[in-house]
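Going line by line, the protein sequences match chains G and C. All residue numbers for the first sequence refer to the working numbering, where the first residue is 819 and numbers rise by one. All residue numbers for the second sequence refer to the working numbering, where the first residue is 60 and numbers rise by one.
Just so you know, the hints here were simulated from the structure itself, not pulled from any lab data. There may be inaccurate statements among the hints.
With beta-carbon atoms standing in for the labels, derived distance ranges [to be verified]:
1. G:1035 <-> C:297: 15 to 23 Å
2. C:253 <-> G:986: 36 to 44 Å
3. G:1071 <-> C:246: 29 to 37 Å
4. C:297 <-> G:958: 51 to 59 Å
5. G:952 <-> C:250: 54 to 62 Å
6. C:166 <-> G:1071: 55 to 63 Å
7. C:310 <-> G:1071: 31 to 39 Å
8. G:902 <-> C:208: 45 to 53 Å
9. G:1031 <-> C:250: 33 to 41 Å
10. C:166 <-> G:916: 27 to 35 Å
11. C:250 <-> G:897: 55 to 63 Å
Just so you know, these numbers come straight off a predicted model, no measurement behind them. Here a beta-carbon is modelled for each residue, glycine too, at the ideal position from N, C-alpha and C.
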Amino acid sequence: MDDFGVWWLTPLILALMVGLICPTTGALLITQRRILLANLMAHSVLPGLVLALAFELDPIIGGLLSGLLGALLAEQLNHRFKGREEGAMNTVLAGFTAFGVLLVPLLKARIDLEALLFGDMLAGNASDVIRTLIAAAALLLLLLSRYQDLVFLGVDPEGAIAARRPVMQIRFITMMITALVVISAITAVGVVLVIALLCAPVLVNLDRSESLRVLMLRSAGTGVLLSSGGLMLAILLDLPPGPLIGVLCLVLLPFWRR
Amino acid sequence: MIPIFMTRRGSVSALVSVPRQDQGLHQFGVGIASAIPSLSVRGVSYDYDHCSAIKSVDLDLHPGTLTALVGPNGAGKSTLLHLIQGRLRANQGTIESNGSIALMPQRASIDWSFPITVTQMVDLGRLRTRNRGQKLSAQQLLNQVGLNGLGARRLDRLSGGQQQRVLLARALMQQTSILLLDEPCSAIDPPTREHLLTVMRQQAELGQTLLVSSHDWGSALDSYDRVVVLDGTVLACGTPDEVRQKLTDMTCMMGSHCCG
């Protein structure tokens, strides 16, 4: 808890990092209309996390595998329920969450399920910060190497396929990075609330950004304000930071003017 | 010009003429109204889920010509364009071309709310080209399609007609010798349609081969050199007057058959 000397410093760094990477990833997902898949992945990491924690493995490995499994299952079911994909994806989302919850008593694991679902930022440690740094590095690498393709894929997906851009590869990498970002944000906001930080900062900046790059920068700025503001308010009011950040994201939307 | 010849069944083959800007009027490296077709479609059929979309389509397009591909909804116009472009593979038949191909897509395939400026959108055309000749600038192309001064504007702040012009500029950025346009004139006002047709005509005069799908059966057909009527298969093909005559004859025949 006291990795950096001052008790609130680690949670604050964690809040800043999560505030930075969640909306940046969210900008990619919303502009590619894949936010439902991202939410599905956020929930799908739960069984893997529980298993990893129960067997004292790195949560990144368990979460990644479990998240990818959820996404692949959803992809399969989407073919079977063509035209009704949303229903299939939400069922997978709920099923994986339920499975994760059931694993705790089944494995008799000593895991704080509430912290996994809704976050426990004040318990954040150096490992959590390192996880956010890994996710940030992967995201930055994708943006630096494939920015133009990400724009092309967002504005004209059929055209990107026709132009033989590496669409499948980019989608797979984006999925992996989404899982990484979600896993790294779990201590801060949990698997249920992370979607608010992926969406809200992007939605309020979408209409006034003239490029994907600007949208990402503005969303990251808004995300940092929300997460650090939420943490400070939580300390001030003695409330849990994760749910407070979720509520701040919600409050932001109706009061936002173009 | 780099001639490469390859033929594959059900897909586009090419005798590539890499377009060069320094070739004057004939910038696409082919003579206007050349006897050798730049695109040749032979007996092409395509099925969607065991349902025939197009059947035994034959078509020749010559360099420097502006051709309309007309037909009702579901006639297979977009399917044929995607087959020619190479995105779809025909179940039967061959498609041969002597140049690179660009497709201006239908409006519905674009996410117009994506945060992107007009210039950035036109520049995406560069990702689709392998042309190593002189590069065109987005500004040049925006001037050509009549959108000068709008390069910094967000795409969704433009009118529908202006957005169509941006798509045309993006397709022109690819500097291909064959340009396919999927309903470029749908849901736009007559002046914009005229402007688009003028730009297409200019491109044809430069030696480019253009195939334009359209719902328009009226006087707009006179703007084209040739017209192909498609309804699952080619019903008529020729100059606008010839096609009108053929369609009138067919209607008369069907009328007399029904009455008789």
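Against the structure, the hints:
For residue 1035 of chain G paired with residue 297 of chain C, a C-beta distance near 56 Å fails the hint of 15 to 23 Å. With their beta carbons about 41 Å apart, residue 253 of chain C and residue 986 of chain G fall inside the hinted range of 36 to 44 Å. Roughly 32 Å separates the CB atoms of residue 1071 of chain G and residue 246 of chain C, a value that falls within the hinted 29 to 37 Å. The given range of 51 to 59 Å is respected by residue 297 of chain C and residue 958 of chain G, whose C-beta atoms sit roughly 58 Å from each other.
Between residue 952 of chain G and residue 250 of chain C the CB atoms are about 55 Å apart, so this pair conforms to the stated range of 54 to 62 Å. Checking the proposed 55 to 63 Å range against residue 166 of chain C and residue 1071 of chain G shows it is violated: the Cβ atoms sit about 29 Å from each other. For residue 310 of chain C paired with residue 1071 of chain G, a C-beta distance near 58 Å fails the hint of 31 to 39 Å. At roughly 46 Å, the beta carbons of residue 902 of chain G and residue 208 of chain C sit within the given window of 45 to 53 Å.
Evaluation of the 33 to 41 Å hint for residue 1031 of chain G and residue 250 of chain C yields a pass: the beta carbon distance comes to about 35 Å. For the pair residue 166 of chain C and residue 916 of chain G, the beta carbons lie near 42 Å from each other, so the given range of 27 to 35 Å is not met. Judged by the Cβ atoms, the range 55 to 63 Å given for residue 250 of chain C and residue 897 of chain G is violated: they are separated by roughly 45 Å.
Checked against the numbered hints above, the structure violates hints 1, 6, 7, 10, 11; every other hint is satisfied.
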